[in-house]
Amino acid sequence: MDTSSSMELAYGKPDSIRRTRTHYCAGCGHGIIHRLICEIVDEFGIRENIVSVAPVGCAVLAYDYFDFDTCEAPHGRTPAVATGIKRVLPDRFVFSYQGDGDLAAIGTAEIIHAANRGEHICVFFVNNAVYGMTQGQMAPTSIVGQQTATTPNGRDPKTEGYPIRVCELLATLEAPAYIERVAISSPQNIRRAKKAIRKAFKTQLEGKGFSFIELLSPCPTYWRVDPIVAMKELEKRMIPVFPLGIFKDWEQET
Amino acid sequence: MGKKILMAGNEAAGEGAIQAGCMAYYGYPITPQNELTGYMAVHMPRHGRVFLQAESELAAINMVLGSAAAGVRAMTSSSSPGMSLKQEGISYLAALELPAVVINVQRGGPGLGNIAPGQADYWQATRGGGHGDYRCIVLAPHSVHEMFSIMTTAFDLSDKYRMVTIVLGDGRLGQMMEPVEVPDSPQPQPQPPPKPWALNGCKGRHSNKLHSLLLNEDRLEALNVRLQQNYALVASTETRYEEVQTADADVVMVAYGTSARVCKEALRQARKLGIKAGLIRPITLWPFPAQPIRAAAARGAKFLVVEMSAGQMIDDVRLSLDGPADVRFFGRMGGNVPQWDVVLENITTIAKGK
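Going down the list, the protein sequences come from chains A and B. Using the numbering used here, you'd call the opening residue of the first sequence number 11 and step up by one each time. Using the numbering used here, you'd call the opening residue of the second sequence number 86 and step up by one each time.
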């Protein structure tokens, strides 16, 4: 059958993602999340109006994959850099993209204060419960019992404390406009994640303030399981610790 | 002609930054520079510009990084312990070749030290301060009016060379009040050079990226070579200094900032006594003005370096010399300011050949 003249592209790369190979490991969640963000960028048609901020960690090279203006930030200072951009360019769309070490350990102060000021930025927080870039150490979000390079016998709450639930923490603040936790563990959850990202974009584009989307994501390499098992582990072990849902929503407030 | 206003040095630096077209200021409280943050809190919004009190010095310098990346003139200020916290951000600014201005109203150290004036952050300012091979342009005002007027130079040099400019003051300069000549009518806003690298949305062009991560060794070396070439250009063209009565001087003092003020009085008193004293006051601490030091040495002058430290700038005086010279030092520490009469005693001793 000759379909060459009638074939329509049903599913391709978003325009705002660069056509390049990524450095991510097989089964990593960053590729899915990059794609979701870029699909929403295309949906709103704002590629030329964006300045994004990449973190230190596995996603540091995000600036090579996003085809819009992007800045590197020192480790954890990502929301401060985003603040400095948005305050002088209030009509540009500004988001930061951060991992769990960047956001919930070294950058704890920066995220809390950016959220508390209600900065008109979006923060996409990728939580895979481990430091991937530096060979799999314990993250602030590693779950109890999780074996990592620095907790070889499993995270022990007596000495290492408990995983930090960032959405719940930020939801205690008055200023944030939208906070939601999603997971990218199944097609259904990925669709929910995309909806959450769209809402975050809408929050900023309509001038409602600070939005924060936590995305639970797999790290097969440092969870030491294969990619399909990692998705199942994400549902079985992470979601019970980090419940999915909306923690703040400006559209629901009276 | 302008009008004369009595201002504290910290306020003068703030007004100078505003007149230099500073569009964003990010501060964090620390004594003895709080009047500067306070001035900006009142005056930046009046000019429709950004003032923000950050949650830390770390956040403040990285907000500066964001605004500088967006292509506008941005500034932060602090004092010694806070400057240590800013060094990470300054290293990134240097690597990203971003222009920015940072004021350090130095106090006594190390550690928490005290809130009295100091000059012990000279090495930190002039040697880079953070990690990696980089330099900052370092300007040293010595009066309240100069705290005001040097700000335009600070921003212009910063934009011209895409470097961080540090204005190295001290608690005495920040706190004391002197007349400042402020222009009557608003001056035309300085036009920063075009910044095609700025991150402001990629309309009509390819997307811009600002990053210092260069995993390929040759690419990172190429960045370093480019930085060093830029620094060499700055060193050969931008040294600034003031010379006072050095032509016939037997004893040449070398001092900057508040110490230079004290030395000017010691010089005046020495000349009254018939002692041929002179002063070289570096205005750029980096690049350091080696030429007048070498010239004075060639004339046979002896040197007295005066600092509010254990002796830091004296390294640069020695590095400036081509051959042996008599270089002495007088310094006070802990927030103490040298007294002119003690400096005069030092001059007298050296002049007598002791």
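Keep in mind the hints are simulated off the structure, nothing from the lab. Warning: the hint list may mix true and false statements.
Derived, one-sided and incomplete: chain B residues facing chain A with beta-carbon distance under 10 Å [claimed, not checked]:
#1 K89
#2 S176
#3 L181
#4 Q260
#5 M262
#6 P264
#7 L404
#8 L406
#9 P409
#10 A410
#11 V412
Beta carbons are placed, not taken as given, at the ideal position from N, Cα and C, and that holds for glycine.
Q.
Of the numbered hints stated earlier in the document, which are not met by this structure?
A. 1, 4, 5, 6, 7, 8, 9, 10, 11
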